[in-house]
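**Q** Spelled out from the first residue to the last, the chains are:
Number of protein chains: 2
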Amino acid sequence: MRAALMYQAGDVRVEDVPDSRIKHPTDALVRITASCVCGSDLHPYHQMTAENGPARMGHELIGIVEDTGSEVSTLKKGDLVVSPFAVSDNVCEFCRESLQTSCSHHEANFWDGIVDEGGQAEAIRVPLADGTLVKLPVAPDSALIPSLLTLADVYGTGYHAAKLAGVKPGYSVTVIGDGAVGLLGVLSAKRLGAERIVLMGRHQDRTDLGREFGATDVVAERGEEGIAKVRELTGGHGTHAVLEAVGHMPAYEQAFGVVRPGGVISRVGVPQYEDAPIGFGSLFRHNIRLAGGPAPVRAYIDELMPAILDGTVNPGKVFDATTDLEGVPTGYRDMDERKSLKVLVRP
Amino acid sequence: MRAALMYQAGDVRVEDVPDSRIKHPTDALVRITASCVCGSDLHPYHQMTAENGPARMGHELIGIVEDTGSEVSTLKKGDLVVSPFAVSDNVCEFCRESLQTSCSHHEANFWDGIVDEGGQAEAIRVPLADGTLVKLPVAPDSALIPSLLTLADVYGTGYHAAKLAGVKPGYSVTVIGDGAVGLLGVLSAKRLGAERIVLMGRHQDRTDLGREFGATDVVAERGEEGIAKVRELTGGHGTHAVLEAVGHMPAYEQAFGVVRPGGVISRVGVPQYEDAPIGFGSLFRHNIRLAGGPAPVRAYIDELMPAILDGTVNPGKVFDATTDLEGVPTGYRDMDERKSLKVLVRP
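Sequences listed follow chains A and B, in order.
Quick note on numbering: the first sequence equals residues 1 to 347 in the UniProt record's numbering.
Quick note on numbering: the second sequence equals residues 1 to 347 in the UniProt record's numbering.
Because the hints were derived from the structure by calculation, they are not lab data.
Remember, it's a predicted structure, so these values are computed and weren't measured experimentally.
From the three backbone atoms N, C-alpha and C, an ideal C-beta is built for every residue, glycine too.
Mixed in with the good hints, there may be bad ones.
If we take Cβ atoms under 7 Å as the criterion, some of the chain A residues that face chain B in the derived model are [to be verified]:
| no. | residue |
| --- | --- |
| 1 | Leu99 |
| 2 | Pro271 |
| 3 | Tyr273 |
| 4 | Ile278 |
| 5 | Gly316 |
Work the whole structure out from these sequences, hints included.
**A** As structure tokens, then:
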């Protein structure tokens with residue numbers, strides 16, 4: 001079968017790989033009908049060394065169940081399913097607490113950590129299929145597929161940021177980053193009742209979509225200038241919540257620059273740093289809280305799907321380009337060059 | 001009048017200083033009847049340079065109102081009052097949100113930031129007296145004074161740690177530090193319903209008091225060994241909440257070593273560092289949250305006082321020595337050498 005492989009930074013190829021197949025009785029084999037490239041795929045696209053390649057890529061997918069292991073009980077051949085970016089059993093103590101990204105099952109993993117499988121491919125072996133996969137009540141060619149695909153990662157991740165930030169009616173929120181996660185953080189904050197949503201981003205086509213999703217203000221400036229602008233918009237105090245959807249240090253520095261005393265910085269951009277300021281001069285003095293991590297999107301799918309199915313929200317608008325599998329390398333390049341916001345892949 | 005002054009690290013003296021007196025119409029003049037030395041006073045006792053001295057010391061006090069400015073409306077001469085370690089107007093938007101340590105009034109400050117006043121003295125000028133001071137319904141010589149004095153800082157601070165950590169019935173909690181704040185963090189966690197409370201501390205007289213306050217386990221080991229011990233006690237996963245009541249980097253490292261996935265590290269020890277690990281390898285991977293800061297103890301006094309008055313709790317047990325004002329320098333030395341846990345001062 002065909003699949004995307006990253007050889008090293010900047011080098012993505014689509015090649016023949018061994019067919020995915022059932023290995024364990026709890027596996028399902030899924031024929032992928034929709035997948036995509038993630039903003040977080042751009043981190044290795046910038047940094048990966050040749051020794052770490054070639055690596056299978058892609059962690060967001062919708063597909064049709066083609067085969068199931070003998071112990072799979074909730075799925076059958078022909079079901080259309082969505083897979084979160086992390087595999088989990090959905091029954092351990094952490095999964096029961098809605099923290100599926102810390103599932104304690106020995107097969108639990110991020111797709112990015114499962115070496116022989118990936119979502120940017122024709123098919124995939126899904127471990128712990130009963131726990132991981134969620135059935136979709138639509139046809140594979142439904143117009144809702146792009147929005148439903150965001151449940152695999154970016155919508156659930158934006159929602160996680162807003163939930164952990166405790167966004168509620170009347171809150172003011174700053175969203176740092178105008179990528180798909182940031183924009184869906186805006187949508188999530190709006191749905192949770194935020195009164196004021198300041199989107200920090202520099203790409204007007206994206207921030208326009210952010211306004212459509214609920215942003216009340218857009219700040220294009222960055223660094224000290226951007227911080228001053230947000231403070232100016234908020235009576236000098238900053239916002240109750242900051243959703244940090246980038247992962248680089250300057251974004252974190254902006255976050256503690258614009259957060260209100262007693263507020264929360266909620267990080268869902270994968271940090272590209274380990275040490276960062278958290279002492280008296282940054283977080284401690286004004287009781288700023290820090291939250292975030294890999295989103296347990298599995299926990300949010302049931303909650304978020306109805307408003308997609310009834311058309312209330314359309315998070316799939318973050319996809320502004322579609323390609324087949326052979327076009328995946330171009331998709332990476334276009335996203336890296338900011339020509340595309342997020343590329344949908346139809347294998 | 002007599003007052004304690006710190007000249008530099010290790011050098012505390014009691015000297016004559018100008019009498020405190022009313023300066024603004026919102027001030028009160030308070031004759032101090034009980035004060036104390038704080039664990040956080042030991043930070044300058046270790047680090048202060050001569051250029052920063054001499055500095056007035058002491059931020060926890062009970063006393064009798066001796067005079068009030070013309071605009072003070074809720075207090076009168078003869079009232080016995082307790083002062084939080086921070087002065088606040090108690091009416092601004094942050095105070096109304098119970099974040100008095102971020103009060104936006106221009107006179108709001110920590111006592112440690114008000115240069116000509118201090119609690120280790122015969123008297124004190126209290127700015128924003130109506131907002132800051134809380135009346136005590138006991139006599140100045142009541143046996144409850146030590147416990148009521150903990151409302152000025154250490155009990156409220158331990159309680160803040162437990163509240164921000166979201167401690168609730170069934171929770172497991174690790175408390176790092178067996179100083180007064182750590183021990184009152186134990187008491188607070190117990191009162192909030194924690195099921196298991198692991199106290200990390202090395203001084204048996206203190207950890208014995210910790211057990212009396214509600215600790216179910218004591219871990220004397222530190223660093224990797226201490227982390228392993230706590231993990232062993234908690235099925236390998238760590239505890240839902242960690243109250244960090246020290247402020248040094250090794251305590252923070254212990255904190256993220258013993259916290260459970262999805263858990264909270266709540267810091268009330270004043271950080272003696274600015275940068276610290278918060279990336280994928282420490283907090284992010286398992287959605288560890290970070291909370292804490294200077295406790296708005298003013299917000300907790302009304303809540304915590306009744307159980308002191310009716311004898312349900314006795315946080316004053318953290319005082320294991322009493323001195324007059326002239327004995328303050330010895331009090332610092334004894335606390336620094338761990339001969340005393342916390343020294344009560346009766347001017």
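**Q** Find the hints from earlier in the document that the structure breaks and name them by number, from lowest to highest.
**A** 5
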